[in-house]
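Following the hints, put chain B in place on chain A, whose structure we already have.
As they're listed, the protein sequences go chains A and B. Just so we're aligned, residue 1 is where the first sequence starts under the numbering used here, counting upward by one. Just so we're aligned, residue 1 is where the second sequence starts under the numbering used here, counting upward by one.
It is worth saying that the hints were derived from the structure and are not from the lab. Each hint should be verified, as a subset may be incorrect.
Stated by the list, open to error - Below, computed lysine-lysine pairings styled on BS3-like, alpha-carbon distance capped at 25 Å: (1) A:K160 - B:K126; (2) A:K261 - A:K79; (3) A:K97 - B:K327; (4) A:K261 - B:K402; (5) B:K260 - B:K284; (6) B:K29 - A:K100; (7) B:K346 - A:K97.
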Amino acid sequence: MMKRVMLAVLCLCLATLPAYAGNRETDGKLVIYTYDSFASEWGLAPKVIPAFEKVSGLKVELISVGSSGQVLQRAMLEKDHPKADVVIGIDNNLLAKARKSGVLSPYRSAGLDRVPEALRFDPECQVTPFDYGYFAMIYDSEVIKNPPQSLEDLTSDAYKKSVILMDPRTSGPGLGFFLWTVSVYGEDFADYWTRLAPSILTITDSWSSGYGLFTNGEAPLVLSYSSSPVYHVAFEKSSRYKAAAFKEGHYMQIEGAGILKGAPHRKAAEAFIDFMLSETFQREIPLTNIMFPASSATPLPESFSHAVKPEKSLQLSPEVIMTKSEGWLSTWVGAVSK
Amino acid sequence: MRLLWLVPVVPTLILFYLPLSVILAEALKGGEGPSPFVRLFSNPYTFRVIGFTLWQALVSTGVSLMLGLPGAWLLGRATFPGKRLLKALTAIPFVLPSILVVLAFVIFYGNSGVLNRFAMGVFDLKRPPFPILYSFSAIVLAHAFYNFPLAARLIGGFWERHNDGPALAARTLGAGPVRCFLTVTLPGLLPAIFSAAGLIYLFCFMSFAVVLVLGGGPRYTTIEVEIYRAARISLDLDMAAALAVVGAGLTLSMLWITVKMQHRASHAVRGQASRRGTLRLSGKARIFWGFYILLVVLVVASPLVALVVRSFLAQVSRSGPLVWTLKWYDVLFTESGSALSLMAVKNSLVFASLTVCAALPLGMAAAWVTTRSQGVWARFTETAMMLPMGVSSVVLGLGYFKCLALFFPDYSGSRAAVVAAHVVVAYPFVLRSVSASLKRISPSLPQVARTLGAGPFQTFLTVELPLIRSGLVGGACFAFALSMGEINATLILARADTITIPLALYRLIGAYRFFAACALGTLLMGLCVVCFLLLEWMGGESLDPERE
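Only chain A is shown next, with the shape it has when bound in the complex (with noise of 0.2 Å):
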């Protein structure tokens, strides 16, 4: 017997080794941090990252980091002696930590002028904002027929244990939703949570787990992003899944990266926010983040037209979210767990 196992080890060993050999090194590069469904091969960086490198002639290293919130969270902790020169991934809901952290520099891209004024979320241009959408909650229009026209009709009875939420705790679209009944409902919004709570079949930890049980036909109303449907219709020649406009107006996030302190490679950075606004990179975005591009100039392909663009756009200032959201979801966590 230990024959076979000294022989079965041995094999290992050898068949492992090849993995071990080069690594190699880059120089004259730019080093860009992202959250993970950016720089993941389903992701926007295979389809725009070889395109900057060849017309930059730069090497670029991406290197995603998970969750937009641990982009900024790396930034912070290498605040002293940035490794990285471009972060991706600040959104509104993040940006007044990103200011306050004070890990980002000011840079005004000139492709800035072709972004809609309600798009530049930050005055100070610490922030470029690349992509904007919309949460909006996702319907199975083969189990429901009348759609619900407001964030108070999911409270009906109709749609008791039918409504799947994310947790605001752990994930971005969660907080989103949460940021929106605030945005509607001012400070009374736990009485709202407690009149939704019996339409709510689960709080689920992240967007993917909540859409995996919705897809699979658990509940026919999920939280998501109103340009969802786009995916269904361009991928899966399906228009099932539908979003509900809402009256009241949906809560908006917008995208944007951002250029650290200290850079090693400013001139660099600079050169890939300008790309970011430009034409190759913007219209990428439809189809592969599923997002709306920030320039106006970019045309959307003919499936968004499954998207709902709300005549209303709900944002709170990233300032009051900052300062608020901690006792907010105090009193959230109290609403919902009775």
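Just chain B now, with coordinates in the frame of chain A:
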């Protein structure tokens, strides 16, 4: 002998305690505002969360152990066709990332899942008859899904070599089978039971996504949720560290108790090392075990089978029926090039194999030194070496990151670091699965071998190793499984372009490709079963009576 202490202790210190203390020191040196501990304990919510975390872990551990005991007998003592495969399947739940476990549960147990739809179809019902999910019992069920195979495996490995002498003596003296089991056999198994209980408790204590989603929301919040919130959403490092300290304190004290109980319950077997023997199932016993296996199938196998089946199904038209297809597998290998999925498979296998190769000697050395020395110090070391499983990977990840920035400013990812991190998480499983068997070996056995002229190494190889082999194989399987499923440390420590199977899985899901993720999950499970069978084969002879 003295030097042997260093083998398990030094890597644990460097790979676990150093990063942990760096991040704790960083976070707790204090900034503006009140101390995070004050903020934490001035809120009654904290106590509710801690109370619930402890309670759900306790209930889940109890249920897993109760379900696991019969399985332990089956794996340890019975012979039946397909036993090796069943053994190989016990570590499968640990391979899957939690999101796939949640999906698997929903596909099978969900309100519109297989079970409910079937019952609604048969009995013509309007509402799903089994509202199992989104309740406390769903949490316990999911934890049992992970852990009762683990309990069966660990206790079974011990039972295999358990001495039947005392039990037979009790029967001869007139004790009934139940009394004999409760007063003789069960106390004899206690070391293994406590050993498994410690692991299971830790696992349930750290549970996060499963509790939130299947429990039905924030009513059921564990400490891990709050750690995640502080570290990833609020970016409140002080709070995350404070919570990690509280959590580690609680798990340490629980571990201390199980280690102490295990020591108290274990006793070396005098004279010969216990006899080994297996029973062939027949007659009435078959019916009982048939029921048990049915239960196993319902709890563990069916969600997994449902997941596998789902990966072969797709809708062709908008509201048409599901049809069999390989579409999702096709997505895996064509959409972004076949090289990618192959790369992920290769990386995962390399990491897991190396992890096993390192975790086995490490875990074995740890078990050996802690069993061979007596007293508080040994127990303390054993507890301290188990802690890597009881500290949030979210916090530990930050610690790694901070350490790298301190000591290797030019770090840009390395495979060795990933393997090291996997080893730290995996070897407690090896430690736990062999320590109970090691403690049973009477010291006189190796002493005899030494008297007869064998060196210490030879004694270990020829006397002790064969007696703990079953536990070793089990430990290797779980170490392999943990490494295959690991994601946090990989994300932080690997080079930016290193992709593993669970990483690819999360990315697929993040890009709306849920069913392709099911397909990849199926691939992952298949791969692991093959590797587990290989490990079993390397572990040596089977216990079939025919071969005696």
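Checklist line | B:K346 paired with A:K97 [C-alpha distance capped at 25 Å] | finding: violated (39 Å)
Notebook entry, point to check: Is A:K261 within 25 Å of B:K402, Cα to Cα?
Noted result: At roughly 19 Å apart (the allowed maximum being 25 Å), B:K402 and A:K261 satisfy the hint.
Margin query: With the threshold set at 25 Å, check whether the alpha-carbon distance from A:K261 to A:K79 stays at or below it.
Written below: holds (8 Å)
Margin query: Check the hint pairing A:K160 with B:K126 against an upper bound of 25 Å on the C-alpha distance.
Written below: Holds, at roughly 15 Å.
Note to self: Does A:K100 sit within 25 Å of B:K29, going by the straight-line distance between their CA atoms?
What the structure shows: Holds. B:K29 to A:K100 sits at ~20 Å (cutoff 25 Å).
Check: Taken at face value, is the distance from the CA of B:K327 to the CA of A:K97 at most 25 Å?
Finding: Cα-Cα ~43 Å, so violated.
Notebook entry, point to check: Has the given pair, B:K260 with B:K284, been kept, meaning a C-alpha gap of at most 25 Å?
Noted result: With a Cα-Cα distance of about 39 Å, the restraint between B:K260 and B:K284 is violated, given a limit of 25 Å.
Violated hints for the displayed structure, listed by number in ascending order: 3, 5, 7.
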